[in-house]
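*Asks:* Taken in sequence, the protein lines are chains A and B. Residue numbers for the first sequence, in this note's numbering: 2 to 255. Residue numbers for the second sequence, in this note's numbering: 544 to 908.
Careful, some of the hints might be misleading.
Unchecked claim - With the Cβ distance kept under 7 Å, some of the chain B side facing chain A (calculated, not the full set):
hint, residue
1, 727
2, 731
3, 734
4, 735
5, 736
6, 753
7, 755
8, 756
Said to hold, decoys possible - Dumping the calculated DSSO-like pairs for lysine-lysine here, alpha-carbon to alpha-carbon at most 30 Å:
hint, chain 1, residue 1, chain 2, residue 2
9, B, 560, A, 109
10, B, 879, B, 892
11, A, 132, A, 172
12, A, 148, B, 549
13, A, 231, A, 72
14, A, 172, A, 13
15, A, 253, A, 13
16, A, 132, A, 148
17, A, 109, B, 549
18, A, 132, B, 549
19, A, 148, A, 13
20, A, 132, A, 109
21, A, 231, A, 172
22, B, 560, A, 148
23, A, 148, A, 172
24, A, 231, A, 253
25, A, 132, B, 696
26, A, 13, A, 109
27, A, 13, A, 72
28, B, 549, B, 879
29, B, 560, B, 892
30, B, 879, A, 148
31, A, 148, B, 892
32, A, 172, A, 72
What the hints assert, rightly or not - Partial pick of chain B residues on the chain A-facing surface, computed with a CB cut under 7 Å:
hint, residue
33, 552
34, 739
35, 742
36, 750
37, 760
38, 828
Think of the hints as simulated: they come from the structure by calculation, not from any bench. Small disclaimer: the values here were computed from a predicted structure and weren't measured. Don't be surprised by glycine CBs; every beta carbon is placed ideally from N, CA and C.
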Amino acid sequence: MSLLEFENVTLKFGGLTAVDDLTFEVEEGEVFAIVGPNGAGKSTVFNLISRFYDPYAGTIRFDGHDLLQVKPSGVAAYGVARTFQNIELFEHATVLQNLLVGRHRHRKTNLISEILFTPSARRQEIENREKVEEIIDFLDLQAFRDKMISGLPYGVRKVVEVARALATDPKLLLLDEPASGLSVEETTDMRWWIDDIRRQMGITVLMVEHDMGLVSGVSDRVLAMADGAKLALGTPTQVQSHPAVIEAYLGKAS
Amino acid sequence: MRIVFKTDYMQDIRPWKDIYQLGLYLILLVVVTTAPWWLDDFYLGELTNVLIWAIAGLGLMILTGHTGQASLGHAAFLAVGCYANVILIEAGVPFLIAFPLAGIITGIAGVTVAIPALRLHGIYLAIFTLALSVLMDDIIVLAEPVTGGVAGKYLGGVEIFGHLVDRWATPDQFFWLVLGVAVIVTLGYINLLRSPLGRSFIAVRDSEVSAQAMGVDIAQTKTISFALSCAVTGLAGALMGLYAGAFNNETFSVVISIQLLMMIVIGGLGSIHGAFLGAIVIGFLPQFLSISKEYVGAVIGGNTVAIPGLEFGIFGMILIAFILFEPMGMYGRWLKIRTWFELFPFYRKDMFKRQKSYLKTERLR
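Construct the complete structure from the given sequences, taking the supplied hints into account.
*Replies:* In structure tokens, the structure reads:
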């Protein structure tokens, strides 16, 4: 059984078919990339997994659970974490607080014990902080721990978003264009981090990315999409040399 | 420049940064607690009023400052708390039970309002709650058998363990009651902010999509926020009823709602300090104005005629000035001053520059 299964998923916005009969599987432990021209439906695939949209047809299964049965806020409980294409951090909170929100799915206390701040709430806080500090160490965010997000540069925000997703302790990490807007150096860092996330933490990564250098450097398999449909699926080299992919990006040779 | 070295997780979890800061707050608490011995009864009454407003401000701060849901209807919840308290006491329930019950009843009222309000954002939510505030006036008049209608209700002192606690007869006892409530509510608020629920409020305020992706149930979080906010406001309402003594449908008008919202904006949205600082401005501004009016009158020659609407005019100007020049309110300004001293001479002018000015709910959706 694969970790994530898309089976004949179709999504329509009015007359526009955003995702057209898409079927693919993500295996446990791999880095899986989705590429394609603008408007191909890559981010829509992410939003389907996050349950922001209800598919028109088809099933989405994660780790044996039918994702279509849960609310958007229930997806995280199964162990799916994500980042956003246009960074969606909690602006008026510190980096530490942002990461701690990531621990929300592990909350065991209730309203009363939190207002009284009972020893169990205290223990939970310490556990949360231990986990968050590990991630801060892992992604080299020590210098920004107590800084407000609103004062951070773009590149750091990108990393904080990855950190916040990691703080949820996910099985599957969805990265929506992790390298967009990053400098060459930052992209290289991101590449090693993705590699480490997979190797050290054992987290499966599904990413949407335009930077083919990053995609071919880090991913095991690549899915190429155009107009919501699957064009090609295979190793980065296979996909890059696939005639349908070349046609979608460059047009037909006359 | 003071640097705190962190060697323990508890240092971050504790509400105070270091012993020095804890000491300052304890001194403040002692000074305020002993107020009846060094303040005359008039100013003690004013201070009590400020504390009651601060409790109401804390209530609204949970909803507006931390969850980002603007409410122009909190006077309605003040009224619910006030009437619930009085009606329970009239039914023979002792104050110590009636008071928390009034809070719980208001919290439940808040939840019933929250359910339709969940679908509304920003300006629409503000209008919805504004309507609520207007509606409450009529509800009180229509429910005359219970509420006394236009004639209103009267509540003298209450008894706590045989002690008479009354605004006029025993102002110091009443002050300590209010102070006790304010301290308890503040401590609960601090605890909330350092636990997952408080952080999920902030998450909902700053980005609903990503809060959802982190496993925060938006509807549930907003409902809890409404409930807590209204419960605290209800407590403040009950105290306000005790303070005013007599009240009717016009006591908790829309103006009070607007004043409450202005108060927390001036004080500083999203901070506990903000509720208190804003309450000080709201509470002492009328006194300050009447004193300065006399002073100005004496200087320019005996003209001490009352100017209608002066208080609100000045209040409005203060609000506009804050939104233009210090969207983070008085507490934000204080943070800047403190940072200036702490970092001297390394403070930079753009250190607190924000991309967005204040309420995220201002974005129309």
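*Asks:* Does each hint hold? Answer for all of them.
*Replies:* These are the hints, each one checked on the structure:
Interface hint at residue 727/B: violated, since its Cβ lies 10 Å from the closest Cβ of chain A, which is beyond the 7 Å cut-off. A least Cβ separation of about 5 Å between residue 731/B and chain A falls short of the 7 Å threshold, and the interface hint therefore holds. Among the interface hints, the one on residue 734/B holds; its C-beta lies about 4 Å from the nearest C-beta in chain A, closer than the 7 Å criterion. For residue 735/B, the shortest C-beta to C-beta distance to chain A is roughly 6 Å, which falls under 7 Å, so the interface hint holds.
Residue-level restraint check for residue 736/B is violated (minimum Cβ-Cβ distance to chain A is 10 Å; threshold 7 Å). Because the smallest distance between the Cβ of residue 753/B and any Cβ of chain A comes to about 4 Å, under 7 Å, the interface hint for this residue holds. Interface hint at residue 755/B: satisfied, since its Cβ lies 5 Å from the closest Cβ of chain A, which is below the 7 Å cut-off. Annotation: interface hint on residue 756/B holds; nearest CB of chain A at approximately 5 Å, less than 7 Å.
With a C-alpha separation of about 26 Å, the suggested pairing of residue 560/B with residue 109/A holds against the 30 Å cut-off. With a C-alpha separation of about 9 Å, the suggested pair residue 879/B and residue 892/B falls inside the 30 Å cut-off, and the hint holds. The hinted pair formed by residue 132/A and residue 172/A meets the criterion: a straight-line CA distance of about 15 Å does not exceed 30 Å. Restraint check: the Cα-Cα separation between residue 148/A and residue 549/B comes to about 15 Å, which is no more than 30 Å; the hinted pair holds.
For the given pair, residue 231/A sits about 27 Å from residue 72/A by alpha-carbon distance, which is consistent with the 30 Å threshold. At most 30 Å may separate the alpha-carbon atoms for a hinted pair to count; residue 172/A and residue 13/A meet this at roughly 29 Å. With a C-alpha separation of about 27 Å, the suggested pair residue 253/A and residue 13/A falls inside the 30 Å cut-off, and the hint holds. Proposed proximity of residue 132/A and residue 148/A is supported: the alpha carbons are some 19 Å apart, at most 30 Å.
Note on residue 109/A and residue 549/B: the hinted pairing holds, with a Cα-Cα distance of about 26 Å set against a maximum of 30 Å. About 17 Å separates the Cα atoms of residue 132/A and residue 549/B, which keeps this hinted pair within 30 Å; it holds. Under the criterion of a C-alpha separation no larger than 30 Å, the hint pairing residue 148/A with residue 13/A is inconsistent with the structure, at around 42 Å. A hinted pair counts as satisfied when its Cα atoms are at most 30 Å apart, and residue 132/A with residue 109/A qualifies at roughly 15 Å.
Annotation: proposed proximity of residue 231/A to residue 172/A holds, straight-line Cα distance about 25 Å (limit 30 Å). For the hint pairing residue 560/B with residue 148/A, the CA-to-CA distance comes to about 16 Å; that is within 30 Å, so the pair holds. Proximity of residue 148/A to residue 172/A is assessed by CA-CA distance (about 28 Å); at most 30 Å being required, the pair is judged to hold. Only pairs whose Cα atoms come within 30 Å are accepted, and residue 231/A paired with residue 253/A is accepted, the gap being roughly 18 Å.
For the given pair, residue 132/A sits about 56 Å from residue 696/B by alpha-carbon distance, which is inconsistent with the 30 Å threshold. For the hint pairing residue 13/A with residue 109/A, the CA-to-CA distance comes to about 39 Å; that exceeds 30 Å, so the pair is violated. A distance of roughly 20 Å separates the Cα atoms of residue 13/A and residue 72/A; the hinted pair therefore holds under the 30 Å criterion. Only pairs whose Cα atoms come within 30 Å are accepted, and residue 549/B paired with residue 879/B is accepted, the gap being roughly 23 Å.
Restraint check: the Cα-Cα separation between residue 560/B and residue 892/B comes to about 25 Å, which is no more than 30 Å; the hinted pair holds. Using a Cα cut-off of 30 Å, the hinted pair residue 879/B and residue 148/A holds, with the two alpha carbons roughly 15 Å apart. Of the supplied pair hints, the one linking residue 148/A and residue 892/B holds, its CA atoms being roughly 16 Å apart against a limit of 30 Å. Distance hint between residue 172/A and residue 72/A is fulfilled; the C-alpha atoms sit about 18 Å from each other, no more than 30 Å.
Nearest Cβ of chain A to the Cβ of residue 552/B: about 5 Å, under the 7 Å cut. The hint holds. Taken as an interface hint, residue 739/B checks out: its beta carbon lies about 4 Å from the nearest beta carbon of chain A, inside 7 Å. Taken as an interface hint, residue 742/B checks out: its beta carbon lies about 5 Å from the nearest beta carbon of chain A, inside 7 Å. Because the closest C-beta pair between residue 750/B and chain A is about 5 Å apart, less than 7 Å, the hint holds.
Below 7 Å, beta-carbon pairs count as interface contacts, and residue 760/B has one with chain A at about 4 Å; its hint therefore holds. Taken as an interface hint, residue 828/B does not check out: its beta carbon lies about 28 Å from the nearest beta carbon of chain A, beyond 7 Å.
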